[in-house]
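Peer 1: The residues making up each chain are set out below.
2 protein chains.
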Amino acid sequence: MARPRQFDEARVIESLMNVFWEKGYEATSMRDLVAASGLLKGSLYGAFGDKHTMYVAALKHYDRTRIQAGIDILNGEGSARQKIARLFDNVIESTKRGLFAGGCLLCNASLEMAATDPEVKAEVKTTIRRLKVAIMEALSPRIANEDQAAALAAFIVSAYFGSRVLAKGGAPAAMIGDTRDHCLQLVP
Amino acid sequence: MARPRQFDEARVIESLMNVFWEKGYEATSMRDLVAASGLLKGSLYGAFGDKHTMYVAALKHYDRTRIQAGIDILNGEGSARQKIARLFDNVIESTKRGLFAGGCLLCNASLEMAATDPEVKAEVKTTIRRLKVAIMEALSPRIANEDQAAALAAFIVSAYFGSRVLAKGGAPAAMIGDTRDHCLQLVP
DNA sequence: TGAATTATTGACCAAATGGTCATAAACTAG
DNA sequence: CTAGTTTATGACCATTTGGTCAATAATTCA
Numbered sequence: 031m032a033r034p035r036q037f038d039e040a041r042v043i044e045s046l047m048n049v050f051w052e053k054g055y056e057a058t059s060m061r062d063l064v065a066a067s068g069l070l071k072g073s074l075y076g077a078f079g080d081k082h083t084m085y086v087a088a089l090k091h092y093d094r095t096r097i098q099a100g101i102d103i104l105n106g107e108g109s110a111r112q113k114i115a116r117l118f119d120n121v122i123e124s125t126k127r128g129l130f131a132g133g134c135l136l137c138n139a140s141l142e143m144a145a146t147d148p149e150v151k152a153e154v155k156t157t158i159r160r161l162k163v164a165i166m167e168a169l170s171p172r173i174a175n176e177d178q179a180a181a182l183a184a185f186i187v188s189a190y191f192g193s194r195v196l197a198k199g200g201a202p203a204a205m206i207g208d209t210r211d212h213c214l215q216l217v218p
Numbered sequence: 031m032a033r034p035r036q037f038d039e040a041r042v043i044e045s046l047m048n049v050f051w052e053k054g055y056e057a058t059s060m061r062d063l064v065a066a067s068g069l070l071k072g073s074l075y076g077a078f079g080d081k082h083t084m085y086v087a088a089l090k091h092y093d094r095t096r097i098q099a100g101i102d103i104l105n106g107e108g109s110a111r112q113k114i115a116r117l118f119d120n121v122i123e124s125t126k127r128g129l130f131a132g133g134c135l136l137c138n139a140s141l142e143m144a145a146t147d148p149e150v151k152a153e154v155k156t157t158i159r160r161l162k163v164a165i166m167e168a169l170s171p172r173i174a175n176e177d178q179a180a181a182l183a184a185f186i187v188s189a190y191f192g193s194r195v196l197a198k199g200g201a202p203a204a205m206i207g208d209t210r211d212h213c214l215q216l217v218p
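Chains as they are written, first to last, in this note's numbering: chain A, 31 to 218; chain B, 31 to 218.
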């Protein structure tokens with residue numbers, strides 16, 4: 031019994047996420063968010079709270095979409111080796127294309143925000159765990175010992191995040207390929 | 031034949047580096063730099079150019095001191111396994127102490143700046159290479175094949191950077207320990 | 001001593017920042 | 001149609017931002 035929203039909230043949050051993803055939190059201004067969303071400042075503040083709330087919402091959206099897409103791969107068809115290879119291939123491919131400079135929003139948030147922002151840290155922490163668990167489960171048909179699977183999963187997450195740092199730092203794609211290959215070598 | 035500097039340039043650049051290290055580039059304001067250095071704004075601008083120049087100088091200083099300290103370990107005494115273990119132990123230890131929140135300035139710079147800042151990217155790139163080469167050389171007594179050593183070194187750098195992302199993201203220290211252990215497992 | 005040169009100081013600046021709010025518009029239940 | 005409720009609009013705000021500059025203070029060379 032009131033005026034309805036004139037915008038698609040999901041679309042707006044996608045556009046907000048893309049800005050934070052590409053530029054980071056501090057380098058993103060409200061002007062950027064206004065421009066990307068197509069809304070006016072007042073509406074943006076009305077729908078979400080403030081810039082920080084928007085960032086956390088964007089992070090959650092990233093988890094629900096992009097991270098989930100990775101987890102879907104890990105839960106899907108194929109050998110453990112094949113699935114894990116695909117994670118790294120995504121990094122290599124997007125590095126080679128070189129169009130989108132954002133890298134991985136989860137990694138970006140971890141390094142830029144988590145140390146000083148408890149809310150972001152909590153979000154990053156649970157997403158990391160989600161990713162690790164999915165890798166563990168992909169590994170489980172091959173590794174009976176659960177602790178062993180957990181340790182290897184932790185390790186693969188590390189290598190994956192590291193490849194994200196390398197990719198943005200301009201390291202040659204071969205280094206990421208080497209990282210992937212050594213990871214796969216440890217997957218039975 | 032003119033008025034001499036009244037401050038120790040090396041000390042000032044150390045303090046500038048510490049601010050950027052802890053807060054990142056965008057979140058650091060000139061006020062912060064003024065406060066940390068003890069100089070006044072005019073002097074800071076007079077001695078170094080602008081904020082960006084200060085950041086690059088800080089990054090170079092980080093390379094010359096902190097990264098070099100890591101490389102010194104890799105060039106020093108002990109088995110390859112021991113030396114590489116020590117790199118990771120530094121991460122684990124500083125995570126456990128939890129006092130300084132900066133993590134690794136090289137990683138921070140790579141994710142925050144390298145994608146959009148060519149100067150930072152170049153600096154990050156060469157520092158990554160330096161680190162990789164040092165690891166290769168630490169490995170060389172044990173791995174005859176040079177390509178093989180290079181690939182393993184690339185991989186270790188990746189895992190190391192990844193552990194830095196995990197550490198800031200609040201992942202349990204055990205994950206970093208697992209990462210280290212699996213790395214060492216690959217070192218002959 | 002004095003001319004020349006560089007460093008220090010802090011007031012100053014335009015622009016950008018994140019955020020607010022009164023008003024107008026759009027809708028629904030009665 | 002109307003009362004009530006939510007949304008949209010954009011002008012507005014204090015504060016902070018990175019950066020400049022004219023005046024003053026040290027210093028050295030001649």
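Keep in mind that a hint or two might mislead.
In the DSS-like style, the derived pairs of lysine-lysine whose C-alpha atoms are separated by at most 25 Å in a straight line are [what the hints assert, rightly or not]:
#1 A:Lys71 / A:Lys155
#2 B:Lys71 / B:Lys53
#3 B:Lys113 / A:Lys53
#4 B:Lys126 / B:Lys81
#5 A:Lys53 / B:Lys155
#6 A:Lys53 / B:Lys151
#7 A:Lys155 / B:Lys53
#8 A:Lys113 / A:Lys53
#9 B:Lys126 / A:Lys151
#10 B:Lys53 / A:Lys81
#11 A:Lys53 / B:Lys126
#12 B:Lys90 / A:Lys155
#13 B:Lys151 / A:Lys90
#14 A:Lys53 / B:Lys90
#15 A:Lys126 / A:Lys81
#16 B:Lys113 / B:Lys53
#17 A:Lys126 / B:Lys71
#18 A:Lys151 / B:Lys53
#19 B:Lys113 / B:Lys90
#20 A:Lys126 / B:Lys155
Here chain A is said to cover these stretches of chain B; the calculated rule only asks that three of the stretch's residues, wherever they fall, bring their Cβ under 8 Å from a Cβ of chain A [said to hold, decoys possible]:
#21 69-78
#22 190-197
These are computed hints drawn from the structure, not numbers from a lab. Bear in mind that the values here come from a model prediction, so they are computed numbers and not experimental data. The C-beta atom is built at its ideal place from N, Cα and C for all residues, glycine as well.
Peer 1: For each hint, tell me whether it holds in the structure or not.
Peer 2: Hints, one by one, checked against the model:
{"no.": "1", "hint": "A:Lys71 / A:Lys155", "verdict": "31 Å, violated"}
{"no.": "2", "hint": "B:Lys71 / B:Lys53", "verdict": "19 Å, holds"}
{"no.": "3", "hint": "B:Lys113 / A:Lys53", "verdict": "36 Å, violated"}
{"no.": "4", "hint": "B:Lys126 / B:Lys81", "verdict": "32 Å, violated"}
{"no.": "5", "hint": "A:Lys53 / B:Lys155", "verdict": "20 Å, holds"}
{"no.": "6", "hint": "A:Lys53 / B:Lys151", "verdict": "15 Å, holds"}
{"no.": "7", "hint": "A:Lys155 / B:Lys53", "verdict": "20 Å, holds"}
{"no.": "8", "hint": "A:Lys113 / A:Lys53", "verdict": "29 Å, violated"}
{"no.": "9", "hint": "B:Lys126 / A:Lys151", "verdict": "16 Å, holds"}
{"no.": "10", "hint": "B:Lys53 / A:Lys81", "verdict": "18 Å, holds"}
{"no.": "11", "hint": "A:Lys53 / B:Lys126", "verdict": "30 Å, violated"}
{"no.": "12", "hint": "B:Lys90 / A:Lys155", "verdict": "31 Å, violated"}
{"no.": "13", "hint": "B:Lys151 / A:Lys90", "verdict": "29 Å, violated"}
{"no.": "14", "hint": "A:Lys53 / B:Lys90", "verdict": "23 Å, holds"}
{"no.": "15", "hint": "A:Lys126 / A:Lys81", "verdict": "32 Å, violated"}
{"no.": "16", "hint": "B:Lys113 / B:Lys53", "verdict": "29 Å, violated"}
{"no.": "17", "hint": "A:Lys126 / B:Lys71", "verdict": "42 Å, violated"}
{"no.": "18", "hint": "A:Lys151 / B:Lys53", "verdict": "15 Å, holds"}
{"no.": "19", "hint": "B:Lys113 / B:Lys90", "verdict": "24 Å, holds"}
{"no.": "20", "hint": "A:Lys126 / B:Lys155", "verdict": "16 Å, holds"}
{"no.": "21", "hint": "69-78", "verdict": "violated (count 0)"}
{"no.": "22", "hint": "190-197", "verdict": "holds (count 7)"}
The structure fails hints 1, 3, 4, 8, 11, 12, 13, 15, 16, 17, 21 (numbered hints given earlier, in ascending order).
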